[in-house]
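**Student:** The primary structure of each chain is shown beneath.
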Amino acid sequence: MSEASLELRNIEKSFGAARILSGVNLVAKSGEFIALVGPSGCGKSTLLRIAAGLEAPDSGDVVLNGRTVTAIRAADRDMAMVFQSYALYPHMTARQNIALPLAMRRLNAWQRAPMLGWLNPLARAIRVGIQRDVENAAAILKISSLLDRKPAQMSGGQRQRVALGRALVRQPKAFLMDEPLSNLDAALRVHTRAEIVELHRRAGVVTLYVTHDQEEALSMADRVAVMMGGRILQIATPEEIYHDPNHLDVASFVGSPRINLIPVSVTAAGLACLGDTPVTDGLAANAGDKIVLGVRPEDVLLHRERQEWCAPVTLQRVEFLGAEALAHLRSVGHDELLIARLAPQAAAAFHAGETLFIAPRQDRILAFGAGGMRVARLVGASVHTGRHAA
Amino acid sequence: MGPRHDTHETRAAYWLCVPSLLLMLLLLILPTLAVGALSLTDAELGSSSYNFLGLSAYSDLLADRRFIRAFKNTAIYVGLVTPASVFLGLMLALLIEAEDSLRSFFRSVFFLPVVALVVAMASVWQYLMHPTFGPINLLLNAMGLPSVNWLGSSDNVLPALAIIGVWQAMGFNMVLFLAGLTGINSDLYAAAEMDGARSRWSRFWTVTWPMLGPTTLFVLTITVINAVKVFETVATLTQGGPAKASEVLLWTIYQEGFVFLHIGTASAMAVVFIVVLLTLLLIQTRLLERQVHYS
Numbered sequence: 001m002s003e004a005s006l007e008l009r010n011i012e013k014s015f016g017a018a019r020i021l022s023g024v025n026l027v028a029k030s031g032e033f034i035a036l037v038g039p040s041g042c043g044k045s046t047l048l049r050i051a052a053g054l055e056a057p058d059s060g061d062v063v064l065n066g067r068t069v070t071a072i073r074a075a076d077r078d079m080a081m082v083f084q085s086y087a088l089y090p091h092m093t094a095r096q097n098i099a100l101p102l103a104m105r106r107l108n109a110w111q112r113a114p115m116l117g118w119l120n121p122l123a124r125a126i127r128v129g130i131q132r133d134v135e136n137a138a139a140i141l142k143i144s145s146l147l148d149r150k151p152a153q154m155s156g157g158q159r160q161r162v163a164l165g166r167a168l169v170r171q172p173k174a175f176l177m178d179e180p181l182s183n184l185d186a187a188l189r190v191h192t193r194a195e196i197v198e199l200h201r202r203a204g205v206v207t208l209y210v211t212h213d214q215e216e217a218l219s220m221a222d223r224v225a226v227m228m229g230g231r232i233l234q235i236a237t238p239e240e241i242y243h244d245p246n247h248l249d250v251a252s253f254v255g256s257p258r259i260n261l262i263p264v265s266v267t268a269a270g271l272a273c274l275g276d277t278p279v280t281d282g283l284a285a286n287a288g289d290k291i292v293l294g295v296r297p298e299d300v301l302l303h304r305e306r307q308e309w310c311a312p313v314t315l316q317r318v319e320f321l322g323a324e325a326l327a328h329l330r331s332v333g334h335d336e337l338l339i340a341r342l343a344p345q346a347a348a349a350f351h352a353g354e355t356l357f358i359a360p361r362q363d364r365i366l367a368f369g370a371g372g373m374r375v376a377r378l379v380g381a382s383v384h385t386g387r388h389a390a
Numbered sequence: 001m002g003p004r005h006d007t008h009e010t011r012a013a014y015w016l017c018v019p020s021l022l023l024m025l026l027l028l029i030l031p032t033l034a035v036g037a038l039s040l041t042d043a044e045l046g047s048s049s050y051n052f053l054g055l056s057a058y059s060d061l062l063a064d065r066r067f068i069r070a071f072k073n074t075a076i077y078v079g080l081v082t083p084a085s086v087f088l089g090l091m092l093a094l095l096i097e098a099e100d101s102l103r104s105f106f107r108s109v110f111f112l113p114v115v116a117l118v119v120a121m122a123s124v125w126q127y128l129m130h131p132t133f134g135p136i137n138l139l140l141n142a143m144g145l146p147s148v149n150w151l152g153s154s155d156n157v158l159p160a161l162a163i164i165g166v167w168q169a170m171g172f173n174m175v176l177f178l179a180g181l182t183g184i185n186s187d188l189y190a191a192a193e194m195d196g197a198r199s200r201w202s203r204f205w206t207v208t209w210p211m212l213g214p215t216t217l218f219v220l221t222i223t224v225i226n227a228v229k230v231f232e233t234v235a236t237l238t239q240g241g242p243a244k245a246s247e248v249l250l251w252t253i254y255q256e257g258f259v260f261l262h263i264g265t266a267s268a269m270a271v272v273f274i275v276v277l278l279t280l281l282l283i284q285t286r287l288l289e290r291q292v293h294y295s
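Same order as they appear, the protein sequences are chains A and B. So for the first sequence, our numbering puts the first residue at 1; every next one is plus one. So for the second sequence, our numbering puts the first residue at 1; every next one is plus one.
If you're looking for bench data, these hints aren't it; they were derived computationally from the structure. Everything numeric in this text was worked out from a predicted model, so none of it was measured. Using N, Cα and C, we set each Cβ at its ideal position, and we do this for glycine too.
With beta-carbon atoms standing in for the labels, derived distance ranges:
#1 D61/A <-> L128/B: 53 to 59 Å
#2 M373/A <-> S186/B: 35 to 41 Å
#3 S147/B <-> A56/A: 51 to 57 Å
Turn these sequences into a full structure, and let the hints steer you where they fit.
**Tutor:** So this is what it looks like as structure tokens:
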């Protein structure tokens with residue numbers, strides 16, 4: 001396991017008048033898998049290209065293994081990149097594609113040239129070594145039987161493996177992946193996720209993985225960096241990003257179905273009400289503040305009888321998904337649409353059109369104030385068992 | 001979908017092809033066959049009768065020194081114009097592609113010869129290449145070099161015509177190559193950079209040249225066809241002279257058919273011309289298609 005680490009310091013980048021990245025900082029520890037996730041246009045791909053050296057930052061530094069490489073060109077940074085389009089050389093076989101980064105580094109221009117290079121015994125010896133490495137990489141990726149095909153003769157999944165092979169074969173200091181699974185069909189995508197994580201573990205070097213798919217980010221990465229509008233809003237473990245987002249945008253970007261967002265009014269003493277119904281208390285907010293409560297669908301509890309912190313809702317329909325069911329709800333008098341995640345057996349007891357009462361799990365309520373910033377909830381009030389209290 | 005339905009659809013498809021097949025027959029195939037038929041006779045424009053001669057027009061051609069000369073000259077001309085205009089067209093395209101601000105200006109300037117009328121531009125070239133007061137010779141003299149008799153000497157006339165041919169074809173080839181260059185996925189260059197292709201040279205051979213394969217094949221084909229058909233510059237500047245040194249196929253066919261009115265002989269020449277052109281293209285595509293990758 002090498003000790004490769006990658007650091008991005010205060011990266012700024014504009015294209016013309018458009019500001020793409022504004023002061024991005026990121027430290028990837030050695031061997032760490034970091035997913036950069038965000039909606040399209042958030043600057044995640046540009047950040048990756050800056051890390052690679054394909055794009056120069058306006059200001060800021062890229063530090064690889066303690067060495068500043070900002071001024072060093074991509075070819076000399078010794079990182080490998082996997083592209084969404086695969087970017088395989090269509091005129092070369094899989095074998096030649098995977099061998100190319102080795103040929104470029106181990107052979108000089110004369111040794112690479114046809115004829116001249118073949119006659120040179122030294123070059124021939126190097127080529128034998130390259131072939132051995134190519135076949136090893138192919139064996140790891142289970143594409144040994146495809147090596148003599150050209151990209152046009154391969155499926156999307158096979159091409160992606162060849163692209164991974166080309167990145168893997170020379171044991172780079174870091175892997176940079178730009179939406180490598182986006183062009184694959186859904187089943188293959190889920191399968192390949194696990195394989196990429198496995199390849200990352202085997203290589204043991206820093207991986208920066210760009211994706212727009214939050215599920216992919218959560219399931220693969222050691223840490224997830226959520227990017228919006230040219231900034232990293234939060235960088236944390238998948239669990240933390242999901243349960244403890246620091247910003248409304250992070251909370252609503254991560255999770256499917258989306259987190260329920262309930263605008264509430266704060267009455268005296270940090271008490272939040274939906275209309276006249278108090279739904280939670282202990283908020284670090286003043287009366288009159290505009291607060292949005294975030295409650296994940298699995299944290300919405302449904303009751304037939306009114307209880308403490310309960311608001312009335314109408315059940316619109318139940319969506320059966322096999323292992324779980326989603327109840328679509330509309331709050332009475334406010335028309336807020338909410339989703340509750342239930343066990344299918346529990347959902348079967350409810351009928352569309354019924355009036356029910358929802359209670360957000362008090363220990364899981366997330367509160368967001370002005371500008372989407374997280375608002376603290378004081379422990380005590382109604383919080384009996386919560387991760388913050390614990 | 002039963003077999004009945006299939007035959008019905010097939011029949012409909014043939015009927016739908018009829019109009020275009022008819023036009024093709026009328027406008028392309030029949031005229032070619034007519035030329036083939038005329039080449040077997042001693043037809044002359046204006047005379048009402050003609051005799052069937054069989055293949056004697058063709059055997060006469062083999063002995064016709066003027067025709068042989070035209071054949072050779074055309075081959076030399078094609079051999080000069082094709083590599084030079086393809087190479088220069090590619091170079092121009094690469095230079096213009098690398099330049100951001102003046103790209104459309106350069107593109108228009110180099111495309112000018114393609115849209116300019118050759119007959120009109122020929123007079124400019126005649127002036128440029130004039131042995132005594134032509135600017136080209138004045139420039140040579142200024143550099144201490146002797147004057148060259150461009151169009152008036154039998155040694156120089158083909159290269160001089162080839163220079164004009166390159167000037168004409170280069171801009172067109174450049175535009176085709178530019179289109180080919182924009183079709184290359186920029187990820188490939190990024191991948192080549194990541195793979196360690198440091199020099200422009202290695203990026204060119206790893207990405208640009210192979211990806212331009214289909215474009216190059218097309219450019220070669222078009223250039224050869226156009227070069228074989230060289231006519232206007234010969235007709236306006238040299239009329240096949242001096243001493244038949246710039247006698248080319250189309251010029252000979254034109255003179256035979258429209259000046260001497262020997263339709264039969266001219267037709268035989270035209271048939272040979274078509275056969276040569278088709279053979280050339282066939283060889284070219286067969287040889288190159290194996291090395292070209294279409295993605």
